[in-house]
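Chain A is fixed; fit chain C onto it per the hints.
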Amino acid sequence: MRCEDLNDQLAGVIDGSAVLDRRTSRHVESCLRCQAELAQYRRLLRSLRQLRDEPVSVPRDLSALIAARLDGTAPTSPWTRRVAYAGALAATAAGAAGAIALLSTRNRRLRLAS
Amino acid sequence: MSEVHPPEWRDAGKPPPGDMAAWVAAAKGGDRQAFDEIVRATSADTYALALRLTANEEDARDVVQEAYLRAWRGVKKFRGDASFTTWLYRITANCAATQLGKRARHRHEDLDDMGAELPDLHPDTDPEMRAEASVLRGRVSEALEALPPRLRAVVVLRDVYDLPHDAIAAELGITEAAAKVRLHRARVRLRSQLFPTRGERGEEDAHAV
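Protein chains in written order, with the working numbering: chain A, 1144 to 1257; chain C, 60 to 268.
Extracted from the complex, chain A is given alone in its bound form:
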């Protein structure tokens, strides 16, 4: 059994996300190199878990940025929804009117050409 081949498994043993078969377990228990690697994985995992409490520099305007993003998309205000709905309807109507105008112009031109 080559220790190098166990790398991925050792990385999972530390939190039970990988399980060793009996033969591999016996090897790891008696192998100093694998034991040392296991200890390193455990240290790594401890450090990773502690990272969550490490302070991170947060942009000052973060709450304001989020609030601005939420504004105008609020699903709570029926009035805002009605305005948005009316706006969308108006835009659709204007678009449709434009399309009809274009079509009729085009038809007129076709008629004139023929």
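Hints are computed from structural coordinates only; laboratory data are not their basis. Cβ coordinates follow ideal geometry from the N, Cα and C atoms, glycine included. Wrong hints could be hidden among the right ones.
Said to hold, decoys possible - Chain C regions said to be covered by chain A (calculated; three or more residues, Cβ under 8 Å):
{"hint": "1", "segment": "90–97"}
{"hint": "2", "segment": "102–109"}
{"hint": "3", "segment": "118–129"}
{"hint": "4", "segment": "195–207"}
{"hint": "5", "segment": "245–255"}
Unchecked claim - Partial list, derived from the structure: chain C residues whose beta carbon lies under 8 Å from chain A:
{"hint": "6", "residue": "K136"}
{"hint": "7", "residue": "F137"}
{"hint": "8", "residue": "V214"}
{"hint": "9", "residue": "D218"}
What the hints assert, rightly or not - Over the 10 Å line for every Cβ pair with chain C, so calculated as not near, a few chain A residues:
{"hint": "10", "residue": "S1168"}
{"hint": "11", "residue": "R1169"}
{"hint": "12", "residue": "V1171"}
{"hint": "13", "residue": "Q1178"}
Just chain C now, kept in the frame of chain A:
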């Protein structure tokens, strides 16, 4: 649920610290002010997660905004079977995955191959003997940033934020088995970066010559 009234602190003018359950209940009833309180209470943590997932401040800002937008739109569907923070973390993870996907497509980069250039983490020092825990954490942070985004996402969500494997798999759009493979691969890379063995050090020396 829409009958839920705003918490009493609204009348008093200032909220009691950390009354998340009341804010969530009010937000579920459509109370934007209560949701703003949630944002104020949680945005620093959410930003920290986004920053660790994306390793880029600009991306982290975008991800956080998108995450709260999705949370606000979906807060009515929050069932309370996990903590609100966990729910928010899952949304953030999903937004970060989308953002990283967009970036990769834009740059024509393979997410698994990114970050191949690792920073010099002083492999000649022996951290087991010399480094303090805080120093190690600093180096872990650097090594995390250098990981390919797909590996980094899994190890950050699992080992730093303690999200369950199935939640990670669901938010990243991969199978649980794939999530575990990525997790182990990420740990292998981090370990060999932070605790290089003699052979690994020898290889680095050979490349350097």
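How the hints compare with the structure:
no., hint, in the structure
1, 90–97, "holds (count 4)"
2, 102–109, "holds (count 4)"
3, 118–129, "holds (count 6)"
4, 195–207, "holds (count 5)"
5, 245–255, "holds (count 6)"
6, K136, "violated (12 Å)"
7, F137, "violated (14 Å)"
8, V214, "holds (7 Å)"
9, D218, "holds (4 Å)"
10, S1168, "holds (17 Å)"
11, R1169, "holds (21 Å)"
12, V1171, "holds (15 Å)"
13, Q1178, "holds (13 Å)"
Violation of the numbered hints given earlier is confined to hints 6, 7; the remaining hints are satisfied by the structure.
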